[in-house]
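Asks: Protein chains in written order, with the working numbering: chain A, 139 to 351; chain B, 38 to 253.
Hints may contain errors.
[Claimed, not checked] Dumping the calculated SDA-like pairs for lysine to any residue here, alpha-carbon to alpha-carbon at most 25 angstroms:
| hint | chain 1 | residue 1 | chain 2 | residue 2 |
| --- | --- | --- | --- | --- |
| 1 | A | K327 | A | L240 |
| 2 | B | K166 | A | R329 |
| 3 | B | K106 | A | K316 |
| 4 | A | K242 | B | S168 |
| 5 | A | K204 | B | T247 |
| 6 | A | K324 | A | A184 |
| 7 | B | K191 | A | R325 |
| 8 | A | K316 | B | E202 |
| 9 | A | K324 | B | Q167 |
These are computed hints drawn from the structure, not numbers from a lab.
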Amino acid sequence: MPQSNLQMTQPASIRNQSVSRPAPFQRFQDWFNQADKHPQIREANAMNLATVSSAGLPSNRMVLLKDFSPAGFTFYTNLESHKGEDLKSNANVALCFYWEALGKQIRIEGHAKPVSPQDADAYFTTRPRGSQIGAWASAQSRPLDRLGDLTVKIAQQTTRFGVGPIPRPPFWSGFCVKPRAIEFWKRGKFRVHSRDHYSIWPNQSWRHTILSP
Amino acid sequence: MLALAQKDIHRPLRLHPSLVCHEVFSPMPRFDDWFQEVDLNKQISDARTVNLATVSATGQPSNRMVTMKDYDSEGLVFFTNPTSNKGQDLTANPKVSLCFFWEPLNRQIRIEGLVEFVSCEVADAYFSKQSRQEQVRAWVSEQSRTLDNLAQLKRDVERITQEFESLRIPRPASWSGYKVKPHTIEFMQREAHGLDTREVYQLAANSGWTRECLSP
């Protein structure tokens, strides 16, 4: 089943020109589509996000890719969560998609920039109502005394909003990761994997190299 | 460290004696329980595949999938070339994190800790248990260096295979083991209602492990 319907969005400056998209983005779209159609892959847009704390300690977890374009790769989070705190002190991040059923991996390194409030609002309105209430109810990554506390908070927020529209919480938004390097890894026979590495040059053009597996 | 020679590294024993914890809150027996359960799941081709995040000297993180070759009450073991990108990161900053994601079971385990090298003897013991193909591969690749073409690499594999013929293949210095000693382990389970249950264990200096639930 096609799950995510994620298609590359293009900034107006690119959309109106007949120039082709930079190679790594076209390739990302191709691999992503393949993963998205694969019957054994439930969430092709699940990706591992690595952030770094102010003390230099990395942490990584799965998040969902919600948009991508040559401008970058977008995800959403509670800004007061562990990753939200990390991003305040170090905007450098890494992303890793691993589609085991395809034997493919895409690794991205770059810089996370907050999305505009308008973009965050627009995405928040598309979320299921339960997720919107959850965003208000859960103090992500902070201690929870009893699991029942969360149920109570969810009930409170549900009552608070009634049947009206639910606005985006001020502590909930997104980040767009502008890539500096993208690597396409494909499993090979005898562990001779292929690794295609693209890195961006100061003039914004992409340089392609093949790396030893 | 475990008595590795007696252990099938691909399928660690259920509750190895070293996993019988002395501290009430050690999370490793729980890790063992989850791992064993996942390992039996037919929908998961290799439960040992884990995302490893490292940080460069300039503060840039990078992450990639690696294979956890073993674990015990002290930590988790993986192997890599110390001159690869991740090897260089580890030399500059031994702080790492690991994330197992087992989608069919809606489970995630997140680990933060410090790496240290495993001894040469232990690394040799692991290497001797690798398949011959993997042993040959360890001699060939200059991991993460630029490569003119893949055909060259394949020719090198053939050449090294012939050179060793039927001889025992020793461990190259480029195949080194690292052990992640955790100070934080989080167990995440996606529940039917869409929210996650998150339990985190943390090791505080001199006071053992503590455990708490986090908001999803």
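Asks: Given the hint that B:K106 pairs with A:K316, does the C-alpha gap stay at or below 25 angstroms?
Replies: The hint is violated at about 34 angstroms.
Asks: Would you check the hint for A:K324 and A:A184, treating anything up to 25 angstroms between C-alpha atoms as holding?
Replies: holds, 18 angstroms
Asks: Taking only the CA atoms, is the gap from A:K327 to A:L240 under or equal to 25 angstroms?
Replies: holds, 14 angstroms
Asks: With the threshold set at 25 angstroms, check whether the alpha-carbon distance from A:K316 to B:E202 stays at or below it.
Replies: This hinted pair is violated, its Cα atoms lying about 48 angstroms apart.
Asks: Decide if the proposed pair is consistent with the structure: B:K166 and A:R329, CA atoms, cutoff 25 angstroms inclusive.
Replies: holds, 16 angstroms
Asks: Between A:K242 and B:S168, does the CA-CA distance stay at or below 25 angstroms?
Replies: holds, 22 angstroms
Asks: Can the restraint linking A:K324 and B:Q167 be considered satisfied, given a maximum Cα separation of 25 angstroms?
Replies: It holds: about 21 angstroms lies between the C-alpha atoms, which stays within 25 angstroms.
Asks: For A:K204 and B:T247, compute the direct alpha-carbon distance and say whether it is at most 25 angstroms.
Replies: violated, 35 angstroms
Asks: Going straight from one Cα to the other, do B:K191 and A:R325 come out at no more than 25 angstroms?
Replies: Distance of about 14 angstroms is within 25 angstroms: holds.
Checked against the numbered hints given earlier, the structure breaks hints 3, 5 and 8 and satisfies all the rest.
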